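Residue-level listing of the chains:
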Amino acid sequence: MAEALLEVRQLSRRFAAVDALKDVNFSVDAGEVHALIGPNGAGKTTFIHHVSGALQPDSGSVHFAGRDVTSLAMHSRVAAGMARSYQITNVFLGLSALDNVALAVQGRQDAGTSFRFWKPVRREAALFEEARDYLAQVGLEHRVDTVAGNLAHGEQRALELAMALATQPKMLLLDEPMAGTGPEESARMVELIEHLARHVTILLVEHDMAAVFRLADRISVLVNGQLICTGEPEAVRANPEVRRAYLGDHL
Amino acid sequence: MAFYRPAAYQKPVAIALVIGLLALPTALTGLGQEFYIGFATRVLIFALAASSLNLLLGFGGMFSLGHAAFFGVGAYTAAICQQAGINEALIAFPLAMAFAGIFALAVGAISLRTRGVYFIMITLAFTQMAYYLAVSARSWGGDDGLPLVGRMTLAGISLADDTYFYFAAFFGLTVAMLFFSRLADARFGRVIQAIRENETRMEALGYPVFRYRLICFALGGALAGLAGALLANLTGLASPNLLLWTQSGTLLVMVIIGGVGYLYGGAVGALILLCLEEVLVGFTPHWHIALGLILLGVVLFAPKGVAALFGKKHG
Amino acid sequence: MTQLFLEQALNGLQFGLMLFLLAAGLTLVFGIMDCINLAHGSLYMVGAYFVAAATQAADSFWIGLGAGVAGAAVLGLLLELSLFRQLYKRDHLSQVLATFALILIANEAVRVIWGAQPVMLNPPDALAGPVEIGDFFYPAYRLVIIAFGLAVAGLLYLLVAKSRVGMWVRAGASNREMTEALGINVRALFTAVFVFGTALCALAGGLLGPLLAVQVGMGESVLILAFVVIIIGGIGSIRGALVGSLIVGSVDTLGRALLPTLLRALLPADAASTLGPALASILIYLLMAGILFFKPQGLFPARA
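Protein chains in written order, with numbering that gives the first Met the number 0: chain X, 0 to 250; chain R, 0 to 314; chain P, 0 to 303.
What the hints contain is simulated information worked out from the structure, not anything from laboratory work.
Since the structure is predicted, the reported quantities are computational estimates derived from the model, not experimental observations.
You may find that some hints are simply not true.
[To be verified] Part of the chain P face toward chain R, derived, beta carbon under 7 Å:
hint : residue
1    : 35
2    : 100
3    : 103
4    : 111
For every residue, glycine included, the Cβ atom is placed at its ideal position computed from N, Cα and C.
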């Protein structure tokens, strides 16, 4: 079995008197597509925030690429190779697609240590060359100079992916990449993720069960802040506890 | 938002401005209006101070009401340098920038952990702290401030002559504006502008947002320190009043009048406000009432500042 | 030494309670309306002038105090209706610019009307002397201020913690949208809070008038102290404002009175005499920085 790239141990977090997450043990192996599913309010978003570093757990730890990253800030986790996309499209709407990705490329290159004050960015041809490559990888090569705010919704989601890729992640953390996309766009997004999965490990949080069962190597199910099962898609589909949690929906 | 990008006409306008400002003392002398050389110097110095605030506010999105502190630290550093026998501006001014920048680092390290109204109040409180420190420091003149016995020398040339001093201030402003315009268009400038728009996204792209903000804050502080050192030389006094928070307010008013986030917003605002003062004072000793009413008018009717009336916003 | 300490502790309490009157209104305006009001100090100053003028006209401090505070409340009402109402939805930049403009106008207007010289305001004759507490004497007027401050603080606590309006106010401070969704007339609530805050700070100005000089610019330094109180206590929290006020009031007062003596015992005389006053004057700011370092949201954050 492949080595775990991401390992979450005994993670717990309470908000007020509610257990948002309780003793969650979870791992993503290098090279796999691991989907996290669960009914609304199960704590998926909270879990993602703890993995990405936006929130700190009350107890438990997060290990990534062989080191304990529990106390690392979000930007340090990104530098360690963990990139994320957002549930609600989160790109710089006033900037061109190219500028958006160039920011991501620059973030990786500078890694927070280099500060360049003098040279106009426009003259850094290599930076934009690389940004174009990432846009091509998500099929946006013809939309390079379009202002992000003018892109279609599906295109904005693809742009997010390009930005995440530009950080050259070991693992992509995709938070509902299909959210709000139409059937045609969804199909394209599934293809895109399938394509990306050949190069990078993916942790996928998604409601679209067709997409999940098509993409995932393994699936974990989170219900009421607790992980009730992890396994291959068929095993998860057959699990009675999962069926109960979903009351027969979707599955 | 789009990133700041120098407009096509920016270079010719800048060159014309430089030539015009270089010729100004000669022109004023020719017209027998030497008095206005001192006034012009004041405008240049405040243009520098307001621009340094604009770097924080307009580009970095940091709404500080503590800029007077850095301005004042610069002025006091100059006066203390002279007291200690350092009369060369090439040494004293960089020291003023260094101390103002270090003080800004310390203030920023605490206040940049907060946002919004909190940040405004905290920067304000630190300014007041610096003010009380200056007032209670008897060896630095306490309430009366620390006078300079005369202007410093720049590379050995005395700045006692108003025209020479004008050129020194002009040189300082030009270098600072050049740096400012390059920075805004370089990698660093893009990062701080993007942080202004969406800091969480930048954090998720791997940018250490706090560090970028802090460096921007300290750079602005250092430039304000240079302006303070120049002003102490102009007026011959490092006064605790420079550290009063109302001074921060004045600088802020300049930036807002001139246009937040426009490269020349601070400079335009300084020019407008100081000219306004000059004119209004001629009419009434109670010109603050008129100024206050004008500011209220700006807030209610021209919320984007005067520079916004002239062109598209880049920043 | 104990007498000095006791006296200074009472002074600190009295100063803290007056700060609370200022900070209470301000923290609600910040917390509920998310509006930064730099002119709060000017309302305090104008309140003090109103009280002084009314006292002179009526020849009675208490009538003057009532009339002055009422006058300031009316002014606050007019300001809210004409200006602040428009500012709530604007950005902080506009709020700061507009209220800074108000400071300029207020200071100059006061100078025009009452002149640049400080105006004298005398406490009522009956309270002018000291009273004996145990074995030391303390000015009667200061005791009355303390009583006033305690009464207002208690009243405010009851109002905010127990009454229906207080519930709306607390709800507004922690979640504005929710308050609006509940169908509360937010506009009227905002006006009421603003006017109430103005009356409180005018009351502080009037009460402090006999102790400090009533003069132009008196509002600005005290405004910043009120800010420090709010920063320490947490925006939008009345409890935070009370605790913050008492901390700032007593630390500032005791620091100024005792720190130089303390330093003289620890340091060489000349170092102590330089450092003492300087350290005392920035003590509360250092305290604020320290608290912020550990609790960036203040001691009692209203928003979770």
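These are the hints, each one checked on the structure:
1. For residue 35 of chain P, the interface hint holds, the least distance from its beta-carbon to any beta-carbon of chain R being 5 Å, beneath 7 Å.
2. Interface hint status for residue 100 of chain P: upheld, as the beta-carbon distance to the closest one in chain R is roughly 4 Å, under 7 Å.
3. With 7 Å as the threshold, the beta carbon of residue 103 of chain P comes within range of chain R, its nearest partner Cβ sitting at about 4 Å, so the hint holds.
4. Against a cut-off of 7 Å between C-beta atoms, the interface hint on residue 111 of chain P holds, since the closest Cβ of chain R lies about 6 Å away.
Checked against the numbered hints given earlier, the structure satisfies every one of them.
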